[in-house]
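Protein chains: 2
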Amino acid sequence: MTNIISREIQLVSRPNGMPTAANFTIAQTQIKPLQDGQILVRNLYLSVDPYMRGRMNEGKSYVPPFELGKALEGGAVGEVIESRAQEFKPGDVVTSNFGWREYFTAAPKELHPVNREVQPLSVYLGALGMTGMTAWVGLNLVDVKAGDTIFISGAAGAVGNVAGQLAKLRGCHVIGSAGSAEKVKFLLEECGFDRAFNYNSGPVLEQLNQAAPDGIDVYFDNVGGETLQAALSALRVHGRIIACGSISGYNKPQPGPNNLFNMIGKRLTMKGLLVRDWLDRQGEFEQEVGGYFQAGKLKSQETVVVGIDQAVGAFIGLFEGKNLGKMVVKLD
Amino acid sequence: MTNIISREIQLVSRPNGMPTAANFTIAQTQIKPLQDGQILVRNLYLSVDPYMRGRMNEGKSYVPPFELGKALEGGAVGEVIESRAQEFKPGDVVTSNFGWREYFTAAPKELHPVNREVQPLSVYLGALGMTGMTAWVGLNLVDVKAGDTIFISGAAGAVGNVAGQLAKLRGCHVIGSAGSAEKVKFLLEECGFDRAFNYNSGPVLEQLNQAAPDGIDVYFDNVGGETLQAALSALRVHGRIIACGSISGYNKPQPGPNNLFNMIGKRLTMKGLLVRDWLDRQGEFEQEVGGYFQAGKLKSQETVVVGIDQAVGAFIGLFEGKNLGKMVVKLD
Numbered sequence: 005m006t007n008i009i010s011r012e013i014q015l016v017s018r019p020n021g022m023p024t025a026a027n028f029t030i031a032q033t034q035i036k037p038l039q040d041g042q043i044l045v046r047n048l049y050l051s052v053d054p055y056m057r058g059r060m061n062e063g064k065s066y067v068p069p070f071e072l073g074k075a076l077e078g079g080a081v082g083e084v085i086e087s088r089a090q091e092f093k094p095g096d097v098v099t100s101n102f103g104w105r106e107y108f109t110a111a112p113k114e115l116h117p118v119n120r121e122v123q124p125l126s127v128y129l130g131a132l133g134m135t136g137m138t139a140w141v142g143l144n145l146v147d148v149k150a151g152d153t154i155f156i157s158g159a160a161g162a163v164g165n166v167a168g169q170l171a172k173l174r175g176c177h178v179i180g181s182a183g184s185a186e187k188v189k190f191l192l193e194e195c196g197f198d199r200a201f202n203y204n205s206g207p208v209l210e211q212l213n214q215a216a217p218d219g220i221d222v223y224f225d226n227v228g229g230e231t232l233q234a235a236l237s238a239l240r241v242h243g244r245i246i247a248c249g250s251i252s253g254y255n256k257p258q259p260g261p262n263n264l265f266n267m268i269g270k271r272l273t274m275k276g277l278l279v280r281d282w283l284d285r286q287g288e289f290e291q292e293v294g295g296y297f298q299a300g301k302l303k304s305q306e307t308v309v310v311g312i313d314q315a316v317g318a319f320i321g322l323f324e325g326k327n328l329g330k331m332v333v334k335l336d
Numbered sequence: 005m006t007n008i009i010s011r012e013i014q015l016v017s018r019p020n021g022m023p024t025a026a027n028f029t030i031a032q033t034q035i036k037p038l039q040d041g042q043i044l045v046r047n048l049y050l051s052v053d054p055y056m057r058g059r060m061n062e063g064k065s066y067v068p069p070f071e072l073g074k075a076l077e078g079g080a081v082g083e084v085i086e087s088r089a090q091e092f093k094p095g096d097v098v099t100s101n102f103g104w105r106e107y108f109t110a111a112p113k114e115l116h117p118v119n120r121e122v123q124p125l126s127v128y129l130g131a132l133g134m135t136g137m138t139a140w141v142g143l144n145l146v147d148v149k150a151g152d153t154i155f156i157s158g159a160a161g162a163v164g165n166v167a168g169q170l171a172k173l174r175g176c177h178v179i180g181s182a183g184s185a186e187k188v189k190f191l192l193e194e195c196g197f198d199r200a201f202n203y204n205s206g207p208v209l210e211q212l213n214q215a216a217p218d219g220i221d222v223y224f225d226n227v228g229g230e231t232l233q234a235a236l237s238a239l240r241v242h243g244r245i246i247a248c249g250s251i252s253g254y255n256k257p258q259p260g261p262n263n264l265f266n267m268i269g270k271r272l273t274m275k276g277l278l279v280r281d282w283l284d285r286q287g288e289f290e291q292e293v294g295g296y297f298q299a300g301k302l303k304s305q306e307t308v309v310v311g312i313d314q315a316v317g318a319f320i321g322l323f324e325g326k327n328l329g330k331m332v333v334k335l336d
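Sequence lines, in order, name chains A and B. Heads up: the first sequence runs through residues 5 to 336, numbered per my numbering. Heads up: the second sequence runs through residues 5 to 336, numbered per my numbering.
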């Protein structure tokens, strides 16, 4: 092992509202020599995810906040460069959670092996990674089944588009909302959604009622805010809500929906979801959803930026709706 | 059967905000002669419930609104006066849903027999009736069990006080909120709550954090509003919410909680409840909770007003917190 310098993205100050480039810096660290039982990994792709915004806030929480002056933790897919552990050999491809850095050393249990024959390997951050698994867990969480009418917000995002495609494979009637005509076209033409609308084109409730005149059975919430309120109105008796994300409120506080009384009157169930509770099901997910992908039944859509210095811009872009599907950084 | 005149309370106009006496009238109707297969019942007690406010509003809903110019539907316990059906005989005591009237005729399937030896018979509207069953169903709905810390709002109301007593019988740590010092005393001294506070004495979140410094596992919501928001903050990871009532918002619209994001981060489950979905479990409820009552393990608390002409005042009083336990009208 030669002397390796790794670039990494560090948080230097906590954003107040929308993050800006000034909240981050790029730093260099020297990788320490490999010890017995350790593996050296060079990252190929970094995952860029909305949930990371939550960890940029200070304060006691169930997930510790990112530390200032340290590399941002997060998903990545990389290649083993050198190994002093029998579990891995150079050339193996692995996913990990060491985040926005070029190189790192790790113990075997901190790495998850994936199939290097699958292309592009970034799919292990998206459709076959944590966002795809989030979609799959969400559908399982409220038992989404054939015949259900499901409405998915943030439908052109990393979680949403996979949720919609998996729901179609289960025999659901699938409706999606997204923020541009291009995204709506993607949902209808590429992902097989039955109906889709642009939430910037008019009131969400009006458009949802038009797309689902008889109501919906399930709402897969990635955005919160006005869309959650509309869904509470459109849900049928005994409907279910998957509380997966609330991106509309990540950078500015929001009042809750003014019609939460529908939870009672319609006897709704709402369940919150963090995928990390479900890691013991990862093998089952990879087998089922990996099978769909290999068979060409599941489309993987990514927005790829190149270079670690583009990661911050890509992250800010998530809140401006710049991603179609999963946002990833390809390291050059 | 002689000529019977029955007085009844009718809705004459739909309340805008808080109901007033002017929204109601008292009317007389003549009971039609009994047909074969019919039973004549004289009501002994009328049930007065917050949920009736919802049915006073107009508009398409899952429960049809009360009709103007007709007697208000609702629970009652009465005595069979005359029967032309083999299922009932004079002297039998029954519950029904014909509401705020002195006499009515009904088919056997519209009547539910109860034990006339139990005293007071009004307990079949409260602890052993729909509000007690609501409490019991709520605890079952989210699997409340020994060791859970449960917080109950509206705890001195008809549903809340029974929910708290049943939770104590299950081995829970029970915290309640109510609107007066007298009610807090009732919860602590009569119902066996571990902790209780008066929400009019200070911010709910502050008082809840003081009562439950390590958080809560379950929130039994009867009030919504500020208290729901505080509970979302106090709930632990994988906590559960029973969405049973939202009395703080029945007469004026309310914004939703501004911290619904806790549903995701803490992976909470919220389930809405209407007791009428569970009527096939009524026998099981009566056996279990009736057993507690007969054994002196469950206290039944009622606020009784006398005379059908007092029903409207009793109903309005619910929103002013005038009831301790179940509000009933005793017919003279």
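To be clear, the hints were calculated from the coordinates, so they are not data collected in a lab. Some hints here could point you the wrong way.
Computed footprint of chain B on chain A; a stretch qualifies when at least three of its residues, placed anywhere within it, have a C-beta under 8 Å from a C-beta of chain B [stated by the list, open to error]:
| no. | stretch |
| --- | --- |
| 1 | 93-100 |
| 2 | 248-254 |
| 3 | 257-267 |
Cβ atoms here follow ideal geometry from the backbone N, Cα and C, with glycine treated the same way.
Hints, one by one, checked against the model:
1. 93-100: violated (count 0)
2. 248-254: holds (count 4)
3. 257-267: holds (count 11)
Of the numbered hints stated above, the single one contradicted by the structure is hint 1.
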